[in-house]
Amino acid sequence: MEGGGGVEGFCGRSLRVVGLSGGRGAQRGEGGVEGFCGRSLRVVGLSGGRGRRRQANEMRPYAASTRRWVILMLHSALSVEEQDKVFDLAPEGVRKCILSTNIAETSVTIDGIRFVVDSGRAKEMVHDPRTGMASLQECWISKASADQRKGRAGRTGPGVAFRLYSKEEFDKFPDFTPPEVHKIPLESVVLQIKQLRMAEDPRRFPFIEPPADGMLASAVVALKEQEALSPALQLTPLGAALASLPVSLHIGKILILGSLFHLKARPFRQAVLDSGACLSSVRKERCELGAGLSETETGAVMDIHQEHVITMAAAMSVQSPYIRLGSSDASETTTLRMSMESPHGDPFTLLNIFNEWIRIKHRRSESSFKWCRRHGLEEQRLYEIAKLQKQFEGVLSESGVAGGEARAG
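Numbering of the sequence shown is given in the UniProt record's numbering, commencing with residue 1 and proceeding in unit increments.
To be clear, the hints were calculated from the coordinates, so they are not data collected in a lab.
Every clue listed holds true.
Keeping only pairs whose Cα atoms sit at most 35 Å apart, straight-line, the calculated DSBU-like set for lysine-lysine is:
| # | residue 1 | residue 2 |
| --- | --- | --- |
| 1 | Lys361 | Lys387 |
| 2 | Lys85 | Lys370 |
| 3 | Lys143 | Lys183 |
| 4 | Lys390 | Lys370 |
| 5 | Lys172 | Lys183 |
| 6 | Lys361 | Lys85 |
| 7 | Lys150 | Lys85 |
From just these sequences and the hints, can you work out the full model?
Here it is, written out as structure tokens:
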């Protein structure tokens, strides 16, 4: 970025912008920058937790010395309560400075924003077809995103946008952000293509903006290895069941295998890695993975543990319920959290948290909201798990998996 790279350069330039907008004498006016004083500033494009915290820590002494600013954050990892603060009216004579990720580009409109400071940076999901892994990487935004950020200034009135990059850098930006199909693993996309019979070979599907050949090829290989596709690229019964589930390949397989077999003795992550199950016959007693279990044993286990499997899959499909702890209450909250930890790993810990939350709500001896606050948990995430749990139950029932059968498309 022009004038100094990285978070430190961005922090310094943003502070100078805060000084500019805060230093104007007039708090009322009809035109020009002076007319915006007394309004709010939004800094957009902080692309990492460390960057946001460093930016806030650098701004707070200035805000404290002037007593005219309140520094707020806006990103998806905040609790709902913290997110709601950005919509509150600031006290008389005080301005809001909102440090935001690119969630602020299109997702929210905050009344009173008159200034936007745009870093020109964002973290985007990048898929590596060689490793099959997706990761967040910092990069320059597109021209369309820059225009979206500019439009946030004065959404409900006149505004000014400050871009912390040169015209030469802007001219190098791509016109548009790459479509999602270029940035994510494509296993679910391939399954949908096969389920809808849109192409015999998904690698030849006529995408409007085709992903790289390597991404589609690696998705097909992964589905064959998981035995969701046959060597002839036909959906197996397992693949048909996976295609009906609105989740990633691995979580979908957890749901299906956990619904059919007794996986209590092993953490689900290892069960998925170990299984390699071929559901060539969907009846449980005929599947290789269930060879050691009788129909009665398998059915009994499923009746007892299927709900737990679904809960864990739902918990792994939503954002973490953990709230970032402050230094003042970290020790006590960490101790309370440890009481629910499982030696089998995070999925079982999330199951323990959810089950304890349900017990608290049923007993009504304590407010579930207060219990979540004491344990450093965002209750909204637990409600999301409960909602997704019901959705998974319905999808499994409709697909026939919960009843021991899956239908190939």
